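Asker: Here's the letter readout for the chains.
There are 4 protein chains.
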Amino acid sequence: MTTLHAAEWLNTDHPLALADFHGRVLVVEVFQMLCPGCVSHGLPQAGRIASTFAPGKVAVIGLHSVFEHHEAMTPAALRAFLHEYRIRFPVAVDQPGTPGPLPRTMAEWQLEGTPTLVLFDRHGQMRARHFGQVSDLALGAQIMALMLEGRE
Amino acid sequence: MTTLHAAEWLNTDHPLALADFHGRVLVVEVFQMLCPGCVSHGLPQAGRIASTFAPGKVAVIGLHSVFEHHEAMTPAALRAFLHEYRIRFPVAVDQPGTPGPLPRTMAEWQLEGTPTLVLFDRHGQMRARHFGQVSDLALGAQIMALMLEGRE
Amino acid sequence: MTTLHAAEWLNTDHPLALADFHGRVLVVEVFQMLCPGCVSHGLPQAGRIASTFAPGKVAVIGLHSVFEHHEAMTPAALRAFLHEYRIRFPVAVDQPGTPGPLPRTMAEWQLEGTPTLVLFDRHGQMRARHFGQVSDLALGAQIMALMLEGRE
Amino acid sequence: MTTLHAAEWLNTDHPLALADFHGRVLVVEVFQMLCPGCVSHGLPQAGRIASTFAPGKVAVIGLHSVFEHHEAMTPAALRAFLHEYRIRFPVAVDQPGTPGPLPRTMAEWQLEGTPTLVLFDRHGQMRARHFGQVSDLALGAQIMALMLEGRE
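Protein chains in written order, with this note's numbering: chain Z, -4 to 147; chain V, -4 to 147; chain L, -4 to 147; chain W, -4 to 147.
Bound-form chain Z, shown alone (with noise of 0.2 Å):
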């Protein structure tokens, strides 16, 4: 069962869990602050997917996975970037892992680096992780397969 480990979420009044998501396509945006990357491409393009699909199909989160420059993306760090930056979906902070500077959610999940697009389906199953740029167009055909998956 694939588990997300949040140390703390920011932009929610409470906790989430994946199971919080089942009956919906789930985006997981992994990424770093500080990741220029992250900032360009991954960041703005889950603001787009939150914007063009319907909330109650696709959800979108965010999951901040620090494995460099630990002192400088902390928790705090991160609200004031979000903030910044406008960004309005619930992000999980990655617990930190054990041992070694990849956080534990990273690590289980065997994410190469940031940003990852990681794309849940409707029962909760990890389906696609698309690290570095993945097109919209692509994507957006991805994320409405799983949409329709097993429909009837």
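I should point out that these hints are in silico values taken from the structure, not numbers from a laboratory. One or more hints might be untrue.
Unchecked claim - Here are the simulated distance ranges between beta carbons:
id, chain 1, residue 1, chain 2, residue 2, range
1, Z, Glu103, W, Arg81, 29 to 37 Å
2, L, Met121, V, Ala12, 52 to 60 Å
3, W, Gln128, V, His78, 33 to 41 Å
4, Z, Glu103, W, Glu107, 41 to 49 Å
Stated by the list, open to error - Residues on chain Z that point at chain V, a partial pick, calculated with CB under 10 Å:
id, residue
5, Gly135
6, Ala136
7, Glu144
As the structure is a computational prediction, the values presented were derived from the model and not from experiment. Beta carbons are placed, not taken as given, at the ideal position from N, Cα and C, and that holds for glycine.
With chain Z fixed as given, assemble chains V, L and W onto it according to the hints.
Answerer: For chains V, L and W alone, coordinates are given in the frame of chain Z:
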């Protein structure tokens, strides 16, 4: 029955008809070679669709529907344009309309201007007409929905 | 003496000559209407120059130097192009060359292709020919250097 | 006499003063690491200036003037930011202001926010403060005008 009335075809060695695309989703990019929005947005997007989806599933063609500056946008000029802009997909030249400046297919399909991206499903039914700009994310989703329709 | 050999002028009610621009820095954007780099880079840059610098100090004109697809890029087609792309500055149509496809001014000025941005100083001397892309930052500096030259 | 009050310098092995730049045009990019306009516009423009003009003629430095989210934009965080964004020019950390959130240099220079690009002439006089966005074309011209000033 929807028909594409072509006076001439470019980028193909034989004339095509909408029926040739049954079984596939068909994207028709309706454009004019001297329309700035077609050059900056519509045609590049059509090119991205052609390179993103499998040709056996999604076909892309152009329809040159000239409703102004007819003297400037001749088939000879169009040929040079397609060469310079590296546009490889088949392009139909819309038949002249009678009477008036609006070409025949554009009039029959009740299109408002250029660029317009027209989507046909696998059975040849026109399903969407996007006049102006449509986002890659929404379009990718819509194309996939048509690809999966009625699959069993 | 450098001469601009115009077969025809558009966007002006009377023919112009390089001598008319003495006392000002002159920017000549050499282009072809079906050249993608001219449409995406060269002509927009020329437009930015025209709107950034005082017209009494820096003049901007276009030179349509067709060396390929002559049948497609006629003066009538150019007129439609300038209208659609909202290009307001005067544009000269380069005189046909004899013999060969290269137009006369382009040949005499020894230009390599399009787009080329040619700079003349306030005394009518050709000072730079930028073939392809030149950055706005470098170009702004170069134009200012010519504006200030020999001021006393 | 205009002074830059630095609490600390990064990207240089010794502290700098405005007087060190006399004889050159000096560009000071005033920014905050979590300011979106600084990241997308101001800092890349400063980088383009540094790579366009000869270092012996035009110097570029940054000034990190934090007036909000102080807890997030510490010198340690700034160090990580400069590393991730490949910013190589020297960066001063503005001294805290007393009282209030506005740092000392920012207050003395009467800056309105970030990003602000400040230009100094070769004699150390402040000549322009561009708050927000300024075009590369206008900026290139202005820098060249300062470079040529009083040359004989």
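Asker: Enumerate the violated hints, using their earlier numbering and listing them in ascending order.
Answerer: Violated hints: none; all satisfied.
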